[in-house]
Every structure is written in C-alpha cells, then in structure tokens.
Amino acid sequence: SQTIHQWPATLVQPVGSPLSLECTVEGTSNPNLYWYRQAAGRGLQLLFYSVGIGQISSEVPQNLSASRPQDRQFILSSKKLLLSDSGFYLCAWNLPTGTQYFGPGTRLLVL
Amino acid sequence: AQKVTQAQTEISVVEKEDVTLDCVYETRDTTYYLFWYKQPPSGELVFLIRRNSFDEQNEISGRYSWNFQKSTSSFNFTITASQVVDSAVYFCALRGYSTLTFGKGTMLLVSP
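Chains as they are written, first to last, in our numbering: chain A, 895 to 1005; chain B, 267 to 378.
Keep in mind the hints are simulated off the structure, nothing from the lab. C-beta: ideal position from N, C-alpha, C; glycine also. Check before you lean on any hint, since a few could be wrong.
Unchecked claim - From the structure, some residues in chain A lie toward chain B, with a derived Cβ separation under 10 Å: (1) P908; (2) Q932; (3) G935; (4) G937; (5) L938; (6) Y943; (7) E953; (8) F982; (9) L984; (10) A986; (11) N988; (12) Q994; (13) Y995; (14) F996; (15) R1001.
What the hints assert, rightly or not - Some residues of chain B that are not near chain A, with every Cβ distance over 12 Å (derived): (16) T286; (17) S331; (18) N333; (19) S339.
What the hints assert, rightly or not - Some chain B residues flagged as far from chain A (calculated, every beta-carbon gap over 12 Å): (20) E322; (21) F334; (22) T346; (23) T372; (24) P378.
The shape of chain A in the complex, shown without the other chains (with noise of 0.2 Å):
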C-alpha cells in the first residue's frame, strides 16, 4: 500500500531564515505530486505540482520554490522566511486520474 510522509510534522521559524519542507511517498512510482498551503480561514491553496523528476508547476509566485530531486521525493523551500509564510503545509500525490491522497502535514511558524 502507499503512504506519504512530511517532516517536521511543527517548525517554528524566525523570519528571514531559510526553509525545507520534505514529502516522499511510498509504494507507488510515477505519482503526481503537490504542495498546498492552508492558512487560517482554512481554505486551500495550491503552491506548486509536479508530473515528474524536475518539473514543477507554479500556481502562484511567491516566496517559495521546490523541487523534485527524486521520483517520489517533493521539496519546499524558501530562502527567506516571511511572517505570511506561515501555515499549514500538506503534501499530496495521485496517479494520473487517480484520487488525491495526503500527508500528514507540517505546521509552519514564523516569528
């Protein structure tokens, strides 16, 4: 079966310093890959997906970047850290028409 983890599951960060947010996913190959960010209000946005190694789809310019390094491992970065970065950081993936599944989510911090 699969899973999908993402660490730290809570970082508190000061502002101005750098980020890494890591999503890897087991038990499958090829999956497509997302980063969202929920902040309080709780809706869900979009940040960044992935179709493979190396290629990555920006819905929305921003602080942040990631990267896919690896087929099943999903990256989200930042160089410096604003206080409106903070939130809730979930990852997800799906096969191709598939079901979206998530991770666990990290809680971001900025100070």
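Fit chain B to the known structure of chain A by using the hints.
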C-alpha cells in the same frame, strides 16, 4: 475555470441529528471527478469518496451518503445520526482535466 462552492461555512448540530453539507460546482470539462474530504482537528485531509461525472448513482456508506445531481451541479453529503467524532471541516473538491479545485470547506460541530 473550475469552481466549487460550499455555501455553509459552519454548521452546529446536536448528536444524533442528521446533517447535510452542500456542494455546488462549475466546470466546462465533459469528464470530471468529485470528491469529499474530511479534515479533523489533527489537520490531515482524509479522503471520503470520489464520484465520476458519468456515474450519478448515489452512494451510502454506513452513516454517510452522497447525492450527486448533475442537472443541478450538486454533490451533497449527508451524515445520519451524527456523532461527536464527526466534528471536522469537510471539503468538497472537483477535478476535470487539470488540478484539483477545493471549496472553502464547511466546519461541522457536533455537540453531545
């Protein structure tokens, strides 16, 4: 462009009441998929159900049931005999030929 509307932002019920969560969608895609997810206080989005646009058969799973009406572009979710553990935010979502589009969610609070 795709759009999903969950007009109910918050619903409060007492345990054992039935509750229906509304979802209305817009899409120009001829083939699409509809989903419901549950987000408990822990935060993880839990997949509940998926329906294909060509399958309007309603579905019942235990206390959960879903009513898909293509004529009114609605995909409503009913919880029968609600329980405290049903308290969560529920999201309706739509995927056509591109990425998944979520509604803003409905927070359901079930009190004992």
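- What are the numbers of the hints that this structure violates, sorted from low to high? The structure conflicts with hints 1, 23, although it agrees with all the remaining ones.
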